[in-house]
Amino acid sequence: MANDLNGRRLGLRKRLGLELFAQLYKHTVEEHPLRTLFWECTLRCNLNCRHCGSDCRAEATVPDMPLEDLLRVVDEQITPHVNPHKVMVVISGGEVLVRKDLERAGLELYRRGYPWGIVTNALALTPERFESLLRAGLHSISVSFDGFEEQHNYIRRNPHSYQRALDALRMIAADGTVAYDAVTCVTGALVPRLNEMKELLIANGIKHWRIFTIFPVGRAADDPTLRLTDEQFREVMEFIRRTRREGRIDLTYACEGFLGGYETEVRDSFYYCSAGVTTASIRVDGAISGCTSIRSNFDQGNIYRDNFWEVWSSRYEPFRDRSWARRDECADCRMFRYCQGGGMHLRDEEGRLLMCHYKRL
Amino acid sequence: MKYKVLATMMAVLGFGASCSSTRQHKGAEQPEEQPAAQQDTVEMPQIRLMYGVPPVVFREEALKTTPEQPEQAQPEQTENPLKVIDNQ
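In order, the protein sequence lines correspond to chains G and Y.
Just so we're aligned, residue 1 is where the first sequence starts under our numbering, counting upward by one.
Just so we're aligned, residue 1001 is where the second sequence starts under our numbering, counting upward by one.
Wrong hints could be hidden among the right ones.
Claimed, not checked - Covered by chain Y, according to a simulated footprint, are these stretches of chain G (three or more residues, beta-carbon under 8 Å): (1) 78-92; (2) 130-139; (3) 173-186; (4) 203-215; (5) 267-276.
What the hints assert, rightly or not - Among the chain Y residues that face chain G by a calculated CB cut under 8 Å, a handful are: (6) 1015; (7) 1047; (8) 1049; (9) 1051.
Hints in this document: simulated from the structure, not taken from any laboratory.
Note that the coordinates shown come from a computational prediction; the quantities given were computed from them, not determined experimentally.
Here a beta-carbon is modelled for each residue, glycine too, at the ideal position from N, C-alpha and C.
Produce the entire structure from the sequences given, and follow the hints as far as they go.
If you want it as structure tokens, here you go:
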């Protein structure tokens, strides 16, 4: 379309903004204030989604981490060094609702002053369960919602998953006491129907929507039906941009990658990968990393043998100094100063970039 | 200090506190129920993480009722009766 942005071009104002932001980022790296802590509490899941990055199973081979192990780290190694009110704890999985002590975990975090939230497929999010989570101090919740009934159930491989997710989102939106969003993994089949989907969400009173696109990790790497062409990817960016300008629903693209001319058009902030800079994770086996979706070869330690705060303070070199990523297609790229080689989750075992969002534009 | 200078310069360019050049339409219902993360002007704005949740500040009043009730463990979901997995 004539009014579409050229994602490969950066105007002067945006370029200046990116230069300033790069300085801000540099200072943040030096200080690396912990702002988000993921706790992967389980790998068990009540679904078996086609695009799962965690490759979860109903019966996980790794047992759930006992809550006491997390609390020991929180009490002895994190709380003395942070203002808990400023550290968002994201409880993730697997599917978090399969844990019977989820409310106890949330309440313990709440009592320590941490805001906490969950990411869920909502299959088991009954009104009673939601109520009990609210009583445990739930602050924020994201519900996976991957399109219309046929598509969502195809991806989730469960005939009830769509209705459960929609019911849950309606319930959360109507309750109005916690922050929330619907999270959509956009596949090729959904691209032509994004506008319809927007109307569906609005019609159901859902006001907050986050989109991300498939990246080639986990099961998604092997399923071509889920991927987007470059043209479809550009369509998604244009859709988000238009929708944000329209202002009828709060829509944002997730952190994923640098977007050139679309920077600040499809997200509230300029791109940066916060993994290891302001975001850490404790995975189900105790591994300490950036985000939970980053490959295990980037693990920085393990809570069962290392002190979390020492790891956070003095390791994370590959996350905080990305000069190693300036290789292959990034070697001569003029955007490297702004993207630092893209998201850490897009680097394979050898550190090669799996996909460049900017080059898709 | 340098943070503040950088933040101010960005604001001058129109990348202010929310760091957005695409302001939400005034008519858009802004979420009173969505307690947005408090933007400290000397901190990086929080980017929405792919597998994260909307960031919020801690709310003392977040507990809906008494804290004792949720101590009761939820029934373990050993097997989901709704589970239907195709193997295609």
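Cross-check of the supplied hints:
Only residues whose C-beta sits within less than 8 Å of a C-beta in chain Y count toward coverage, and the region 78-92 of chain G has 6 of them, enough to reach three; the restraint holds. Remark: the region 130-139 of chain G is confirmed as covered by chain Y, as 9 of its residues place a Cβ nearer than 8 Å to a Cβ of that chain, reaching the required three. Interface restraint, the region 173-186 of chain G with chain Y: holds (6 residues with C-beta to C-beta distance below 8 Å; minimum three). For the region 203-215 of chain G, the assignment as covered by chain Y holds, since 4 residues bring a beta-carbon within under 8 Å of that chain's beta-carbons and 3 suffice.
Restraint check on the region 267-276 of chain G versus chain Y: 7 residues with Cβ-Cβ distances below 8 Å, three needed, restraint holds. Checking residue 1015 of chain Y against chain G: minimum C-beta separation of about 5 Å stays under 8 Å; hint holds. Interface hint at residue 1047 of chain Y: satisfied, since its Cβ lies 5 Å from the closest Cβ of chain G, which is below the 8 Å cut-off. The criterion of a C-beta within 8 Å of any C-beta in chain G is met by residue 1049 of chain Y, whose closest approach is roughly 5 Å, and the hint holds.
Against a cut-off of 8 Å between C-beta atoms, the interface hint on residue 1051 of chain Y holds, since the closest Cβ of chain G lies about 6 Å away.
Violated hints are absent here; each numbered hint is respected by the structure.
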